[in-house]
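Novice: Residue strings, one per chain:
Protein chains: 2
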Amino acid sequence: MTGLRQIGEFGLIELIRQLEEEASYRLEMARLGGRAPQGRLRAAGLSGAVMGIGDDAAVLPGRPGFHTLLTVDTLVEGVHFLRPKISPADLGARALAVNVSDIAAMGGYPTFAVVSLAIPESLEVEWLEELYRGLLAEGTTWGVQVVGGDTVRAGEFSLTVALLGEVEEGRAVLRRGARPGERIAVTGTLGDSAAGLELLLRESGAPALDPEVRARLLARHFTPRPRVPEGRDLGAGIATAMIDVSDGIATDLRHLCSESGVGARIYADRLPLSPDLRAAAAALGLDPVSLALSGGEDYELLFTAPEEKLRPTLAGGTPVTVIGEVVEADRGLSLVREDGRSTPLPHGYRHF
Amino acid sequence: MTGLRQIGEFGLIELIRQLEEEASYRLEMARLGGRAPQGRLRAAGLSGAVMGIGDDAAVLPGRPGFHTLLTVDTLVEGVHFLRPKISPADLGARALAVNVSDIAAMGGYPTFAVVSLAIPESLEVEWLEELYRGLLAEGTTWGVQVVGGDTVRAGEFSLTVALLGEVEEGRAVLRRGARPGERIAVTGTLGDSAAGLELLLRESGAPALDPEVRARLLARHFTPRPRVPEGRDLGAGIATAMIDVSDGIATDLRHLCSESGVGARIYADRLPLSPDLRAAAAALGLDPVSLALSGGEDYELLFTAPEEKLRPTLAGGTPVTVIGEVVEADRGLSLVREDGRSTPLPHGYRHF
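Just so you know, the protein sequences line up as chains A and B, in that order.
So in my numbering, spot 153 of the first sequence is number 153, and the numbers just go up one at a time.
So in my numbering, spot 117 of the second sequence is number 117, and the numbers just go up one at a time.
Just chain A, same shape as in the assembly (with noise of 0.2 Å):
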């Protein structure tokens, strides 16, 4: 038998993508061969899936003019947060908003959602409604209506929103796109979300940081905002593929050219590092651009463009900074440090 770590998360996921897309297959030669499956009983004019597996958001077919997303994600008590650490109003607002990301990162906006939660006996209904409270607000600030769900009874706490959302036909930006010669750029800056953790996790703090720096690192930890109007103005013809920041930009670059089939070239020195993460970085003892690479939970977007339909800012003001360029696919994924030696990009958050 084989255990999890020994294929890790993204073995066990292209593992998962390959049985997704034979089924699809089969499906879709079922389909096509008049061989209706067993109650299916379909309408004329549905169509499979424009891009299912291996995306921030599945394309599915929608109204006239437009795609259907779908996307689902789960936080896990332990794993992604820590119950005493964090409101239940945030850790609500947190598991809408990680799945409006992921619809921001497809170019789309979102809609619907449906929650699942998984709760243990010992909950206090006053905490539940806390955090009910706070995924309805965050659903309000996006435009998401929250249509039911389930509630069942579990051993730890967990909660998992499934979210729908809709794009323009031909507007999708899939993490498929990117091509040698183009720009590698970011929204945002990268590692706050880290930083945040790490203040949160150190019992002791940083006595020397000031506590404004400290407030907002924790903020952008707790309540990462999605970025739906910069994901809507790179949809309209700038990214040629897009993916949202969650396990750090060693991770996901890697997801992004693993798709695309090319490879990437970041330099350090052009990381978007903010002065509240030098600051806590320097209090903490930590390298910047290690949280800035590995971290994760930015919720920033990284996409690729051709250079010259980059601008330098986005809807709200938002800054783009350009952080390295497509490669082909054979020189890898190398980071650039500040001393000009290049190195293989190191890896970021995995799950298993």
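Calculated directly from the structure, the hints in this document are not laboratory data.
Below, in silico cross-link-like pairs of lysine to any residue (SDA-like), each with a Cα-Cα straight-line distance of 20 Å or less: (1) B:85 / A:1; (2) A:85 / B:155; (3) B:309 / B:238; (4) A:85 / B:1.
Computed footprint of chain B on chain A, listed as stretches where at least three residues anywhere in the stretch have a Cβ under 8 Å from a Cβ of chain B: (5) 13–26; (6) 78–92; (7) 106–120; (8) 131–137; (9) 146–152; (10) 158–170.
Note that CB positions come from ideal geometry on N, CA and C, so glycine has one too.
Chain A is fixed; fit chain B onto it per the hints.
Specialist: Just chain B, lined up with the frame of chain A:
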């Protein structure tokens, strides 16, 4: 602070529903007032949910002539299944089937699914692969394309399926359409899955029971068959309200009546009990009527209809049995026993 047991599963669902309805109202007001939520940037023509909360699936705007259906269900190890007792392929199939059943209960057919797996590190890859193969095979049966999802680390294994479906406009069967005087009916037989579970949980089994009966009841438990073609028939002008039997009709009829604002009278001697169930109940020393009422996981369709619309069988020859009638709300939910005595309908399975 309030414990979950104090408000119960119905109380929790009611609380969540209230919060969702308040939020939907705020969203609608913002939309009508021209205060588009930040980031919505929504194309004209998209309206809110037709029917969101408190049904088997949400009814959303869809392609011309159709509504989109959306449902989500989580299965948790130790609550919904015991890992050593079910094969991974059956578990995967079951996770999809229970969602397909929710779509069937709306009168619709399923289309696309995403899957979120919460995985303890100790799980073997082969086990996960078999689970996924089972899930995909069930998808092929029902014409469902599985288009990605999420894999996360967790302490206990759970899997969440979010499933889309479609139904022709005006044909979605809600829980809320039942009217006094109508008949209450159910497809197939009740209690077989519960009997299968009892056989599974008793190490000694029921030695006197015919092994073939045992095998059939275990199959009813492990591999429920969602009633998609039957639900399509019932949605074509027969059923006025419908729900699938996941927690036992004692619980699910309560949901339907509560949504419709009606009461119900059920006759114990009309419940469709299979010879297998009767044999197993006798061998186990259990009451077959209790198994049929409170056992759950039958995934039959429970519906109401005017008497003149009823047919003895549906698609595929599936039998329909009238088990009672809809009454005024103030008469509550009652069970007429074999001896003619009327008692309040007992409660079925509750998570809290």
